[in-house]
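Engineer: Next come the chains, spelled out residue by residue.
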Amino acid sequence: MARSMLVITRQSPWSGPTAREALDIVLAGGAFDLPLGLLFLDDGVFQLMSGQHAARLQQKDLTANLQALPMFGIESVFASRRSLSERRLDEASLALPVELLDDAELGSLINRYDQVITL
Amino acid sequence: MSCSFERCLMKFAIALFSPAHSPASRRALRFAEAALAGGHEIVRLFLYQDGVHSASANIVAPQDELGVAGQWSRFIRDNRLDGVVCIAAGLRRGVLDEQEAARHQRPAANLSAGWELSGLGQLHEASQNADRLICFGGH
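So the protein sequences, as listed, match chains R and S.
Add 317 to the 1-based position in the first sequence for the numbering used here, that's all there is to it.
Add 350 to the 1-based position in the second sequence for the numbering used here, that's all there is to it.
Honestly, the hints are just simulated from the structure, not real lab data.
Keep in mind that a hint or two might mislead.
Stated by the list, open to error - Computed spacing ranges between beta-carbons, pair by pair:
| no. | chain 1 | residue 1 | chain 2 | residue 2 | range |
| --- | --- | --- | --- | --- | --- |
| 1 | S | P412 | R | A385 | 42 to 50 Å |
| 2 | R | G424 | S | A384 | 25 to 33 Å |
| 3 | S | R427 | R | L413 | 38 to 46 Å |
| 4 | S | C358 | R | S402 | 37 to 45 Å |
To be verified - Derived coverage of chain S by chain R (criterion: at least 3 residues anywhere in the stretch with Cβ under 8 Å from a Cβ of chain R; other residues may be distant):
| no. | region |
| --- | --- |
| 5 | 383-390 |
| 6 | 466-476 |
We put the beta carbon where it would ideally sit given N, CA and C, even for glycine.
Based on the provided sequences and hints, a complete structural model is requested.
Structural biologist: If you want it as structure tokens, here you go:
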């Protein structure tokens with residue numbers, strides 16, 4: 318059986334290439350039909366905000382790529398409820414459907430995966 | 351895996367996300383050396399993000415400092431290891447082989463001997479073939 322991998326993305330979409338490079342690991346694995354999960358943690362939850370204007374920073378918008386996750390077979394998408402609330406982000410206005418997890422659930426999520434990459 | 355604790359030989363995949371001047375690059379190299387010294391196998395080394403700088407042949411460390419990039423190149427050549435640099439991350443940060451330098455009309459290639467440029471699929475393949483994926487990032 319294929320080994321599962323959880324990618325934990327912790328950087329905001331406008332703080333350099335890290336958010337995109339974390340997503341690229343997930344999309345590349347999805348192309349091989351591997352069992353993958355993606356967790357938005359800490360500043361990574363800023364990637365989930367809708368209504369971003371990346372072009373004003375001469376950046377590309379990540380949102381469309383994130384919304385393509387189901388097309389790559391990635392259904393396991395999670396976010397930390399605490400990371401959202403610490404940043405006063407509204408759970409109801411996220412740009413894509415995610416499963417919100419409390420701190421205790423984060424631990425068991427990480428334990429469920431064979432490999433974990435944090436970027 | 352069934353084996354005794356004392357002689358539990360493992361297959362490691364090692365991923366490095368930080369540049370050659372970071373302590374993470376040195377730690378990754380020391381871990382890799384220790385893994386081989388302990389009889390373990392390294393199925394692949396994969397450089398991603400700023401880790402690609404560890405495969406630059408153009409890094410010149412001061413004489414009284416450790417030249418980690420050069421040590422990486424020697425380590426993978428001496429041990430005939432599979433050293434892969436993510437091609438997209440490498441292009442973005444100016445780590446090019448001859449073929450990519452020519453393709454993008456750049457004046458020079460700077461990929462150290464022993465490393466090759468390839469895609470992220472190589473990270474997944476290594477992770478599938480290894481008992482453990484060990485990542486080194488941050489400082």
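Engineer: If a hint holds in the structure, say so; if it doesn't, say that too.
Structural biologist: Here is how each hint holds up against the structure:
1. S:P412 - R:A385: 42 to 50 Å: At 46 Å between Cβs, range holds.
2. R:G424 - S:A384: 25 to 33 Å: Given a distance of about 29 Å, which is inside 25 to 33 Å, the answer is holds.
3. S:R427 - R:L413: 38 to 46 Å: holds (45 Å)
4. S:C358 - R:S402: 37 to 45 Å: holds (42 Å)
5. 383-390: violated (count 0)
6. 466-476: Check passed, 5 qualifying residues.
Going through the hint list in order, the structure does not satisfy hint 5, though it satisfies all others.
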